[in-house]
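Asks: For the protein sequence lines, the chains are A and B, in the order given. Reminder that position 67 of the first sequence reads as 67 in the numbering used here, one-by-one numbering, no gaps. Positions in the second sequence are counted from 1; adding 1000 to them yields the numbering used here.
If you're looking for bench data, these hints aren't it; they were derived computationally from the structure. Ideal Cβ placement from N, Cα and C applies to all residues, glycine included. Fair warning: there could be bad hints in the mix.
Stated by the list, open to error - Taking CB as the label site, the calculated pair distances span:
1. 323(A) x 1344(B): 20 to 30 Å
2. 97(A) x 1182(B): 52 to 62 Å
3. 1268(B) x 238(A): 44 to 54 Å
4. 14(A) x 1380(B): 55 to 65 Å
5. 14(A) x 1313(B): 48 to 58 Å
6. 1193(B) x 238(A): 52 to 62 Å
7. 12(A) x 1317(B): 32 to 42 Å
8. 1147(B) x 285(A): 55 to 65 Å
9. 1344(B) x 317(A): 33 to 43 Å
10. 244(A) x 1193(B): 54 to 64 Å
11. 1303(B) x 12(A): 14 to 24 Å
12. 1365(B) x 63(A): 32 to 42 Å
Claimed, not checked - Quick list of in silico lysine to aspartate or glutamate cross-link-like pairs, EDC-like style, CA-CA up to 20 Å:
13. 244(A) x 212(A)
14. 1326(B) x 1273(B)
15. 1341(B) x 175(A)
16. 1244(B) x 1273(B)
17. 1398(B) x 1015(B)
18. 1326(B) x 1048(B)
19. 140(A) x 204(A)
20. 398(A) x 1123(B)
21. 1294(B) x 1328(B)
22. 1215(B) x 1314(B)
23. 1215(B) x 1239(B)
24. 140(A) x 150(A)
25. 398(A) x 1015(B)
26. 140(A) x 48(A)
27. 398(A) x 1084(B)
28. 215(A) x 132(A)
29. 326(A) x 132(A)
30. 398(A) x 1302(B)
31. 398(A) x 1301(B)
32. 1326(B) x 1302(B)
33. 326(A) x 1032(B)
Stated by the list, open to error - Residues from chain B that face chain A, not an exhaustive set, calculated with beta carbons under 8 Å:
34. 1029
35. 1031
36. 1033
37. 1043
38. 1063
39. 1083
40. 1130
For reference, the chains in residue letters:
2 protein chains.
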Amino acid sequence: MNIHDLTRTLNRHNDSRIVLLVADGIGGLPQEPGGPTELEAAATPHLDALAARNVSGLLNPVLPGITPGSGPGHVSVFGYDPLEYQIGRGVLEALGIDFDLGPNDVAIRGNFCTVDSSGIITDRRAGRIPSEASARLVEKLRSIRVEGAEICLEPGLDHRFVMVLRGEGFGGDVEDTDPQVADVLPLRPVPRNAASQRTAEVAEQFIAQAAEVLKNEQPANMLLLRGFARRPSMPTMQEVYGLKPAAIAVYPMYRGLARLVGMDILPKVADIEEQVHRLGEYWDRYDFFFVHFKYTDSAGEDGDFEEKVRRIEELDAHIPAIEALKPDVLIVTGDHSTPAKMSQHSWHPVPVVLAASTCRPDEATRFGESQCLRGGLGQIEARYLLPLALAHAGRLQKFGA
Amino acid sequence: MNIHDLTRTLNRHNDSRIVLLVADGIGGLPQEPGGPTELEAAATPHLDALAARNVSGLLNPVLPGITPGSGPGHVSVFGYDPLEYQIGRGVLEALGIDFDLGPNDVAIRGNFCTVDSSGIITDRRAGRIPSEASARLVEKLRSIRVEGAEICLEPGLDHRFVMVLRGEGFGGDVEDTDPQVADVLPLRPVPRNAASQRTAEVAEQFIAQAAEVLKNEQPANMLLLRGFARRPSMPTMQEVYGLKPAAIAVYPMYRGLARLVGMDILPKVADIEEQVHRLGEYWDRYDFFFVHFKYTDSAGEDGDFEEKVRRIEELDAHIPAIEALKPDVLIVTGDHSTPAKMSQHSWHPVPVVLAASTCRPDEATRFGESQCLRGGLGQIEARYLLPLALAHAGRLQKFGA
């Protein structure tokens, strides 16, 4: 019996609204010993007031020491066990270009590459050809037909593209053809189980035809496939929480992750101001809103402490407009930490503040990593955040008599 | 491997005494923003001294966000996983009237109801007839005989009664006959599995005869059955902890819950003063004592902040008499929170203080929710409290070489 078994039976409907604001990679580290983290350095009067009046804490996206990618990071704040619901590389790429993956589709990440006259890889990224070149080549590849399979191809950034196999009986467990090193032949797409036999056959036929189509191109005269995956079969938030959820995200990958758990995707927005506007616009039509803010992570990945501070302050300035909608539960957190000092995702627990009328106060007076250590939520697995939100929204009945 | 697998093999006997004082629903919330909780508002010099000298923390009865009923709340402070050992409604009702349920008994909650001449329910509670009327009707129903089953009937409060089927081959998985709404016929008792086929048949025969017995009564001319359940098969505290446990509780439901885990039930008591007296009386005959204090929960359920404060102070006044017995381990906690502000059980973690000579001190100087956040026990699942008590009592050997 797990938490979803409980929430499935205990959830009840009411007129409450829950807002989950995910500031991607918000958790950080001091740049210098003794210094503040990005969140602590930022002037965040509105987040501080939220933390002072409500309850805060720290979330572990996966397990201590485990650094999550964007997939597991979001899966867990959506209330799903990231070890149970794993998102393959191909799936994440497909989500990242807003591809609406079906439950039986196999998504694959493709790279154009350069091979010599004997087929040996000389450049795994074909000199990182520009996106426009990729788009032209993808258009050529679309002429390829393989019996019994629908093949969808979409260009990505630079030398990358996304391939999706649609049809019956395609398992997702096939080895990469990308050997990860140059000076060798591409590998064959080897099925890892019987259910993926057909997938491997279709991939092999596609590769053979692609080699013909591309043979006179330079430098992109061949391609490599990796990250074969089907989307995980996840119960929707409607099923496990009784919520009618919507996502408001600028970037397609986060819309895609939201789609995996059954969220409706609200019309496109360009920035946080438009996101908050959209929130108000759809306030009466949904009861759960996921709002994604990307730039805290981008700045962290760039190793730009000051920019991350600035982005946090930008986000803080929009908190009053969200509060003005009077959500019953407002949560601000991240999907993982991205300390500018490390220029990458990290395993450090993620600050969280939860605001509701049923919060038991704690001693935190500001929103920041060291204050969150004193927070009443303690340090918990991120997947328990959603059940807590439901509880504070009055949406969970008592367990047992 | 779970904690019981460890405690089964690691427990050892000594002459120590453990007292677990459960103040039902003790955890609370501030009535006003910035104010104290009930426990913080109460003058509790003795509990404060316990917390200052020992170790405190917060317990999660089930999982974050999950509000426990009395069943799961107690199961977990007794050291059992409340998701593994679930207590059905019928069982809890039977325990609530001190019915000594056998391991194969099926317990059912009954309601007298009113039906019209075509059998349609007009009042699911028969006008909430008084308990004396129920008692008279139950006496009439005792004349009913069904082949192969012993049927025990006991009156409850108002229109309620408890029915227990005793015999061989009675599964507990049968659907309620109570449709939960009026203006429809009662439902049939449908078995959910083959093992419960016989239970459903007996219930059906009982209902048919009861309709005859009650047909000339008004308003209680029919009955509804719900919450069919067998008691969970729980290993005793003797088996998993090597303890000889006793329960001292004013209310039958808590005596019943204690009986489920193998506690002996000490003779009846009327109030906390008599409970503490009973504790001293039996001090040499048991090594573990569960003392249950109900009124913190009752006041919380009534939404009466001041009364809950007063009840906490009443309890505090009896702490010295318990300490005078020199328990090796004294624990004061609750089975769940019942904030007066919410007038119901809640999911908020429950304050706990554990006093023993082997406590590592923490920074808590009083016993209250916000101080417990600084407590050395941290925030843990309530089911780990008993192993901690055993450890502090010197009753657990080293695990592994």
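Asks: It remains to establish, for every hint, whether it holds in the given structure.
Replies: Okay, the hints, checked on the actual structure:
no., hint, result
1, 323(A) x 1344(B): 20 to 30 Å, "27 Å, holds"
2, 97(A) x 1182(B): 52 to 62 Å, "56 Å, holds"
3, 1268(B) x 238(A): 44 to 54 Å, "50 Å, holds"
4, 14(A) x 1380(B): 55 to 65 Å, "31 Å, violated"
5, 14(A) x 1313(B): 48 to 58 Å, "36 Å, violated"
6, 1193(B) x 238(A): 52 to 62 Å, "29 Å, violated"
7, 12(A) x 1317(B): 32 to 42 Å, "40 Å, holds"
8, 1147(B) x 285(A): 55 to 65 Å, "59 Å, holds"
9, 1344(B) x 317(A): 33 to 43 Å, "38 Å, holds"
10, 244(A) x 1193(B): 54 to 64 Å, "34 Å, violated"
11, 1303(B) x 12(A): 14 to 24 Å, "21 Å, holds"
12, 1365(B) x 63(A): 32 to 42 Å, "34 Å, holds"
13, 244(A) x 212(A), "49 Å, violated"
14, 1326(B) x 1273(B), "17 Å, holds"
15, 1341(B) x 175(A), "58 Å, violated"
16, 1244(B) x 1273(B), "23 Å, violated"
17, 1398(B) x 1015(B), "19 Å, holds"
18, 1326(B) x 1048(B), "18 Å, holds"
19, 140(A) x 204(A), "18 Å, holds"
20, 398(A) x 1123(B), "26 Å, violated"
21, 1294(B) x 1328(B), "24 Å, violated"
22, 1215(B) x 1314(B), "50 Å, violated"
23, 1215(B) x 1239(B), "49 Å, violated"
24, 140(A) x 150(A), "16 Å, holds"
25, 398(A) x 1015(B), "39 Å, violated"
26, 140(A) x 48(A), "54 Å, violated"
27, 398(A) x 1084(B), "17 Å, holds"
28, 215(A) x 132(A), "19 Å, holds"
29, 326(A) x 132(A), "45 Å, violated"
30, 398(A) x 1302(B), "17 Å, holds"
31, 398(A) x 1301(B), "14 Å, holds"
32, 1326(B) x 1302(B), "35 Å, violated"
33, 326(A) x 1032(B), "19 Å, holds"
34, 1029, "5 Å, holds"
35, 1031, "12 Å, violated"
36, 1033, "7 Å, holds"
37, 1043, "20 Å, violated"
38, 1063, "6 Å, holds"
39, 1083, "4 Å, holds"
40, 1130, "24 Å, violated"
Against the hints set out earlier in the document, violations occur for numbers 4, 5, 6, 10, 13, 15, 16, 20, 21, 22, 23, 25, 26, 29, 32, 35, 37 and 40.
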